[in-house]
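Line by line, the protein sequences are chains A and R.
Mind the numbering: the first sequence is residues 1 to 199 in my numbering, read in order.
Mind the numbering: the second sequence is residues 1 to 199 in my numbering, read in order.
Certain hints may be false.
In this list, chains with the same sequence are indistinguishable; a pair is considered to hold if it fits within one copy or across any two.
Derived pair list, reagent style EDC-like, types lysine to aspartate or glutamate, alpha-carbon separation capped at 16 Å [stated by the list, open to error]: (1) K35 with E135; (2) K35 with D91; (3) K36 with D57; (4) K102 with D116; (5) K102 with E67; (6) K36 with D88; (7) K35 with D88; (8) K167 with E180; (9) K36 with D159; (10) K102 with E82.
If you are wondering where the hints come from, they were derived from the structure by calculation, not from laboratory data.
Every value quoted in this text rests on a predicted model; they were computed, and no experiment measured them.
There are 2 protein chains.
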Amino acid sequence: MADAARDIEDLIELMSRLPGLGPRSARRAVLSLLKKRGPLMAPLAQAMAHVALTARDCATCGNIGTEDTCPICADPARATGEICVVEDVADLWAMERTAMFKGRYHVLGGTLSALDAVGPDELRIPQLVRRVAAEGVREVILALNATVDGQTTAHYIADALGGTGAKVTTLAQGVPIGGELDYLDDGTIGAALRARRSV
Amino acid sequence: MADAARDIEDLIELMSRLPGLGPRSARRAVLSLLKKRGPLMAPLAQAMAHVALTARDCATCGNIGTEDTCPICADPARATGEICVVEDVADLWAMERTAMFKGRYHVLGGTLSALDAVGPDELRIPQLVRRVAAEGVREVILALNATVDGQTTAHYIADALGGTGAKVTTLAQGVPIGGELDYLDDGTIGAALRARRSV
């Protein structure tokens with residue numbers, strides 16, 4: 001593209017590294033920005049620079065905020081006796097959107113994976129064990145993805161927390177709300193059947 | 001989302017205004033940026049701020065560059081006798097990627113539309129007519145989209161250029177390269193048949 005100025009090409013290249021954007025959609029996004037330089041492009045650049053400068057990982061739970069301690073860990077109204085363990089910050093945000101959990105979080109930063117050589121020390125699991133002991137946690141809720149790696153990690157953490165006296169629970173598995181049996185996989189239906197309850 | 005800091009939410013909201021990104025994918029993009037603050041987020045913010053500050057519309061052709069005159073209009077190697085008329089800067093970039101056209105461009109900024117009350121004066125058509133006369137243009141190539149609005153605009157421009165003596169041409173219509181007849185619409189096959197040529 002000898003047509004667009006060098007700077008604009010560089011911007012397109014950087015944008016195309018975002019998940020969900022390829023070279024084509026990045027070009028479209030940049031073109032749309034170029035047409036709204038005042039109302040959108042300048043504020044977006046400023047907001048991004050500001051967050052890039054101020055964002056940091058919470059030293060306690062691994063959530064991303066703009067302070068050394070994230071808003072959730074800093075909130076005195078959140079129960080200290082319950083920790084919800086999630087794989088990723090995205091999962092923490094998903095949990096928060098339900099507004100059902102009033103305790104604290106612990107972000108692992110991934111799952112155990114023999115293939116990718118991810119061990120417990122890469123995943124902030126030792127920190128979790130120390131936190132559970134130090135904070136006198138009563139219940140650890142494992143909200144890990146229902147994948148093989150997620151469930152392997154859940155088992156490992158349950159074992160690692162064995163000596164702490166904390167109750168370890170996991171999210172229920174079953175038919176999702178609005179789910180139609182005909183469209184669900186056999187594993188989900190089987191899990192829902194095994195975990196059936198009386199009405 | 002009371003979980004993420006206010007600044008991060010603002011950034012997600014701004015990102016979600018980009019074409020092709022919704023609230024969900026904007027959140028995913030911002031999360032990915034937050035994880036690559038040093039290598040990606042800071043450079044992207046800087047590149048965006050720089051372009052927002054320096055980008056401007058070429059006074060001659062309407063292309064977007066970082067000078068008052070775009071790289072194409074400023075290039076003495078580009079033929080002055082041929083002007084390719086496109087609807088949008090994206091179309092100009094698409095033409096340039098073919099590297100087949102060595103003349104200059106004129107970006108209309110849209111198509112005539114009675115519904116949206118877009119008339120010739122909104123589209124830089126008077127500027128085109130003046131350019132064709134002033135620059136002694138021999139040929140005007142109408143590279144407008146093969147839509148109803150695009151073709152209406154093409155007809156209007158051909159009429160408006162009637163008195164200038166410039167030859168007005170338009171892109172050929174037919175079967176796209178790699179196209180299979182079975183998957184093409186009737187209009188395209190009909191146009192290709194009408195414009196058939198001897199081998």
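Against the structure, the hints come out as follows:
{"no.": "1", "hint": "K35 with E135", "result": "neither (52 Å within a copy, 28 Å between copies)"}
{"no.": "2", "hint": "K35 with D91", "result": "between (35 Å within a copy, 14 Å between copies)"}
{"no.": "3", "hint": "K36 with D57", "result": "between (32 Å within a copy, 12 Å between copies)"}
{"no.": "4", "hint": "K102 with D116", "result": "neither (34 Å within a copy, 51 Å between copies)"}
{"no.": "5", "hint": "K102 with E67", "result": "neither (20 Å within a copy, 54 Å between copies)"}
{"no.": "6", "hint": "K36 with D88", "result": "between (33 Å within a copy, 14 Å between copies)"}
{"no.": "7", "hint": "K35 with D88", "result": "between (35 Å within a copy, 11 Å between copies)"}
{"no.": "8", "hint": "K167 with E180", "result": "neither (33 Å within a copy, 63 Å between copies)"}
{"no.": "9", "hint": "K36 with D159", "result": "neither (54 Å within a copy, 32 Å between copies)"}
{"no.": "10", "hint": "K102 with E82", "result": "within (8 Å within a copy, 68 Å between copies)"}
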